[in-house]
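Protein chains in written order, with UniProt numbering: chain A, 1 to 667; chain B, 1 to 667.
Rather than coming from a laboratory, the hints here were simulated on the basis of the structure. Among the clues, some could well be false.
A pair holds if it fits inside one copy or across any two, identical chains being indistinguishable in the list.
With a straight-line cut-off of 20 Å between C-alpha atoms, the simulated SDA-like cross-links for lysine to any residue are [said to hold, decoys possible]:
#: 1; residue 1: Lys635; residue 2: Val101
#: 2; residue 1: Lys590; residue 2: Asp618
#: 3; residue 1: Lys348; residue 2: Pro519
#: 4; residue 1: Lys531; residue 2: Val290
Protein chains: 2
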Amino acid sequence: MTQTAQSMQSMANAIRVLSMDAVQAANSGHPGMPMGMADVATVLFSKFLKFDPARPDWSDRDRFILSAGHGSMLIYSLLHLTGYARPTMDDIKNFRQLHSVCAGHPENTELAGVECTTGPLGQGLAMAVGFALAERHLNGVFGDDLVDHRTYVIAGDGCLMEGINHEAIGLAGHLKLGRMIVLWDDNRITIDGDTDLSTSEDIAARYTATGWHVVSCDGHDFADIERAIAEAAADPRPSLVACRTIIGKGAPNKQGGHSVHGAPLGAAEIEASRAELNWTLPAFELPADVVADWRAAGARGAAASAAWDARAAANPNAAELARRMAGDLPDMAQAETTFAAWLEGSQKVATRKASELALEVLTPVVPEMVGGSADLTGSNLTITKATPHLNADNYAGRYVSYGIREFGMAAAMNGMALHGGVLPYGGTFLVFSDYCRNAIRMSALQKAKVVYVLTHDSIGLGEDGPTHQPIEHVMSMRMIPNLEVFRPADVIETAEAWSLAISNTGTPSVLALTRQNLPQLRKSGPNLTAKGAYRLEAAAAPRKVVLVATGSEVEIAMAVRAALEEQGIGADVVSMPSMSRFLAQDAAYKADVLPAGVLKVSIEAGTTLGWQAITGLDGLNFGIDTFGASAPADKLYDYFGLTAAKITPQVVAALQNAPRPAADVQN
Amino acid sequence: MTQTAQSMQSMANAIRVLSMDAVQAANSGHPGMPMGMADVATVLFSKFLKFDPARPDWSDRDRFILSAGHGSMLIYSLLHLTGYARPTMDDIKNFRQLHSVCAGHPENTELAGVECTTGPLGQGLAMAVGFALAERHLNGVFGDDLVDHRTYVIAGDGCLMEGINHEAIGLAGHLKLGRMIVLWDDNRITIDGDTDLSTSEDIAARYTATGWHVVSCDGHDFADIERAIAEAAADPRPSLVACRTIIGKGAPNKQGGHSVHGAPLGAAEIEASRAELNWTLPAFELPADVVADWRAAGARGAAASAAWDARAAANPNAAELARRMAGDLPDMAQAETTFAAWLEGSQKVATRKASELALEVLTPVVPEMVGGSADLTGSNLTITKATPHLNADNYAGRYVSYGIREFGMAAAMNGMALHGGVLPYGGTFLVFSDYCRNAIRMSALQKAKVVYVLTHDSIGLGEDGPTHQPIEHVMSMRMIPNLEVFRPADVIETAEAWSLAISNTGTPSVLALTRQNLPQLRKSGPNLTAKGAYRLEAAAAPRKVVLVATGSEVEIAMAVRAALEEQGIGADVVSMPSMSRFLAQDAAYKADVLPAGVLKVSIEAGTTLGWQAITGLDGLNFGIDTFGASAPADKLYDYFGLTAAKITPQVVAALQNAPRPAADVQN
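All chains should be modelled from the sequences, with the hints used to inform the complete structure.
The following block contains the structure:
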């Protein structure tokens, strides 16, 4: 072993000891991965990774993503050792405790240097595809001077076994994202036991078949690790580096077995590990020479960072890059003027078409918008004249053909948004939000501004039938924290929703859009969608009813209102494109829109559970609580009772049979 | 071309013509796939598939699964032509119309011969893995005499590109399901255009790497198709048959392009196609000789079916197989007696542990129960002494190591349940229900009795943090039609939920279970979970409040009740292990459990939206509407305000500030 290797061994052992001690102190966590991958991570962070701990927001840093997020002590150790301001040793001592930045799984919202939140297996690697794609895209736009970095991933067997891995590597291979390098912790252990309990595949062959370069190394031989990463960096394809490791290496009696994966080692094994590693210091104390070596590794990036500053100072496009990286929108006045002019018109279009019209206005003005679809471009209507295809022949393009890969698309969009400089939106059918649901959740958890264009949003899609007809989807996505679900009623609300979605900071959005045409209901501004809900049409006769509807059912509510008014029953129509936004308004506004003492009626072609939050238990809820059916849309609306002819008499009956109490709603 | 080939060509063209005409009549649908795969399907159904149209429920039939479900006219044509009672030609004329058995996508609940409902891409093939696994399992139990059939799949590029494909074929390859044959419609077209728009992978190499046999053929050469399927059948591995086809073959001006995928051909192209195919009859009329050839193909299976009957009549185990295939449970008296005895005890266990205890009682009694986990066996506690591992060395086993493949597991379980003879249950963390959410939905849509054991069901899991803590999951799964979500409060309710879950017919179940220990609250029977909700503890002082809680929060509700009663405030505690079941009770029962005129308070460590359906708008809803955090569970319960100390004063304040109206609830 050379002197350097000895030094690196101590550096790696510092990770091992910190990890096992922090997990022991928390009495919870995963020591196996950090101990197994400590050697690989040491080579990566001391020889390859371009980063500057003093400046974690440097836009041209390499990105490091710990896809195997349960091994969070690995990244906490690395950030601490290389000299980031946080985590401090006190932070590490508070691993997995309330308010610690060292959470159980790494959270990008807690700690600079954590590029994305990982833990749900497979998604870190899939987000890394988005990071790598954003890098190539911005490189295509801004050139090597400003954008020239790599994306490194540490992934475990779980990340590779998940279905999303197929989608992610398929996309990366197709897009030739050669600056992406995945370091696979090939320890042949999963939670339940040896990997051969559940898998027999030849992972290297699968990656090769998918357009990847594959190289192997001994994950405990520093020189071999360095050779393999260098080979990976040299290859034009994305690379998988199979690092043959021993899980929990350093724990002499537990290493190599699945018991070391997800539980503290225990005092005795920690003592044995200290002996094995010749580590004499107590927990949370580090040798000064090892710290110095790590700080030197961390200091490598300062020169590159300064050089980048010099180049940026001389580059006329640096300000635009900075704007995009900051997430600041350009001047939107022109787009808003265009949208305002639509109020004068009378466009009867599907809201998916309205979305396309809005995108035709927005995408020329907002160059960071990068669109795409999971192979439903002609259905989602997500491409515009301003968004040429983005592919290996044209990284500066702005439209990604994600393929039939909903989950991979959503995760990639999360990565693009978190890389910065890109405002991604992508389409699929609303019902297939199920396929990418956890990535949508991860958008929200990570505060990643991603816009999901989810079309064919109800039985209104018609003949494709119950497999394709959302029922529970709109309401159930409203329950995901920090996700805004828009269901606009016409071309105006669709444009308003788009404006809000791209203006939101740290909040992803869903646009639930129709396949079928809808009349333009709104004739006046301002952006009323910004209130979440508003009175679209006030009662003419004395008000007895408030009809609350969303999307395609607002038209139906208007027809119900007309029928009621004909009978002398005054009815407001409230359009509610964003329930969460409405519920966040002040009490006075809510009480004005939903006044006490009148019957509240909800109409939405989906689950009724949840609407009681608007109507109370003495309101009426029209919706669908079974699966849909295959038939033309108008037949289905009739069959499921969502027509003015079927709703109106029930409203009348409710008014006759059950006089309202004076005050029945608390908002 | 031989005489046979000429005859087969006409048989195949009958599929083409029926498909294009039905799509045209519906003015909606997908002609491309049925026309492209007509030749392959003709070979399969006339030379290989073992089936008896007169007896679609014959348990030893081969299973045919149209994973590319959008091409539904293919299977409708095949079922009609081979002589199934349905669809009739009138059914086909009503393709995609309300109440037609010929729905937009094939639905197993509508039509015998449709083994499972397909359309959500990738899941048909993944369900087929479950079918093939069920076959091998039952073969392992009952032997070749009674169980000896194959599983055939037709899949398109979409099914192969979806992430679930990786999970499905990984599982099938590992389990050596050699009797599964996938016929891949290799037409190099997706909705957005050529496949090279979004993918560059070598599919054959990927399948080979995953343990599959791969063979290719010209999908329009009958002899070559026959050769390839014969090779596939002979190989001990699962097989992928790459059928090189032209999408929409027979439509001379549109074939080979993506425009033929999902839209009617139009009158002119239909006319041109008739000319191309030398087809002179008008729509929905078929030549007698072609019908006769198809009926002969359908009649092939009668002899095998009769021979099977003879073997079954002589086999002492046939009755047991028939019981399992019928989905009838064995005598459960002994298990129920054991559970009843638990009422005398005082077991303080996590409900995941309670589930394990229940499974230890149930699995020896119910041999068709086949368990598993997506690599979380030690966390989900899903294995029992009665369930040895099921793998390629022991298909008669009863526990599947599904690997880190939640979606693949769920789809496979759907396939096992729909094959019949197996009652599958499988575990993962509740938060990762997101990964398999559409397969859970498909359990419900297909009426497949699958039990999802979803543990770590709230912030109560503690330190793993927000990526692993369900918030919206329980409530949002309650919105999936025909899915029963149980969240039991103790060991008794857990056993009751298990009893109900396996007794339900045509309804899948979710068991949401805790990581943390819970006291035994119930001391008396009968199965009160059967009511969905019930009064666990009645008020002592005059009743002012009803506290409604589920799962781990029932213990908290009991503590709140105690604190209220100390202040002289009478409070009921209602445990609500199944909201859907409660809402389905009669009005009198609901009014008894949730009486008018008293404050309703819900306590559940998840989304509050939805609970207004129980409490009304003037109730109180305690829950969590943000993401969780990483910390020990008790710290989190305090932080999120879910303790008796924090809830009780708010209930008291609500009672003081807002006297209840006389009647505020309609149930």
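Please name the hints from earlier in the document that this structure breaks, with their numbers sorted from lowest to highest.
Hint 4 alone not satisfied by this model.
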